[in-house]
Amino acid sequence: MKRESRGIQSIEVGGELLRALARSGEPMMLRDLAREAGMTPAKAHPYLASFSRIGLIEQDETTGRYEIGALALELGLISLRRLSGVRIAGPKIAALASQIGHAVSLAVWGTHGPTVVQLEEPGQPVHIVMRAGSVMALLETATGRAFAAFLPEKTVNAALESGLDRHGVGYNPKRAVKGAKVADMLTEVRKHGLARALGDPLPGVNAFSAPVFDHAGHVALVITAMGPEGTFDARWDSPIAHALRDCAGGISKRLGHGMTVAAE
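Quick note on full-length UniProt numbering: the sequence shown kicks off at 1 and runs consecutively.
If you are wondering where the hints come from, they were derived from the structure by calculation, not from laboratory data.
Accuracy of the hints is not assured; some may be wrong.
Capping the alpha-carbon separation at 25 Å, the derived lysine-lysine pairs in BS3-like fashion look like this [as the list claims (entries may be wrong)]:
(1) Lys181 with Lys154
(2) Lys43 with Lys92
(3) Lys191 with Lys181
(4) Lys92 with Lys253
(5) Lys191 with Lys154
Pairwise CB distance ranges, derived in the manner of DEER restraints [claimed, not checked]:
(6) Gly217 with Ala183: 19 to 25 Å
(7) Lys191 with Gln9: 55 to 61 Å
(8) Glu74 with Met29: 44 to 50 Å
Ideal Cβ placement from N, Cα and C applies to all residues, glycine included.
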């Protein structure tokens, strides 16, 4: 029988605060965070102070709310990169960026929605507000649409109802996609096997996104190629589109998926 290793009780107690914050997915006030962790605010505060010092959490100076900190995000990204799909895709998207001469990102479906875990930039830089850890808007970006088109409908609806979409890069309430337009947009993505963005939400930047499927046929990753409108050929049958489909299809095969997403 395996002997249980001796632990440090205070760390385990403090860990309940981190679990409560992770379950919430949103910044929390001290009283609410303490209640969810099953302790008093007075007991919770010293733990939060220590967690803040090492970067596991951060406190907003204006609202006083606590949220996940830089160190926690870094640890989460390391964990995501260790997933087999991400390990397989990493070198592939680097090669794709070199092949097409444009930036390529890799995203997974994270706690807060489509989350970028890797970004490969070619020799010609693109001015984009994206980096590893960025969460992309679900309906306003090519990355988000590629997930939305192939995720279970209940997952997409739950994300939209919870407001996750409002916090992602590219979300603009004045231009938010609504109603029947959503169905038409996602149908187009499924038809072509790609999501496309033309200078919107990032002015002057075009993008294609392709889903990667696992052995069970679930969308596991999304690869996005992006570049300046003047040099990024955004036709559905362009060399960039074909290269992206081929890359995503090849990774899907490595993950055990039986069929690739074909161009129409």
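I'd like to know which numbered hints this structure contradicts. Please list them from smallest to largest.
Numbers 2 and 8, in rising order.
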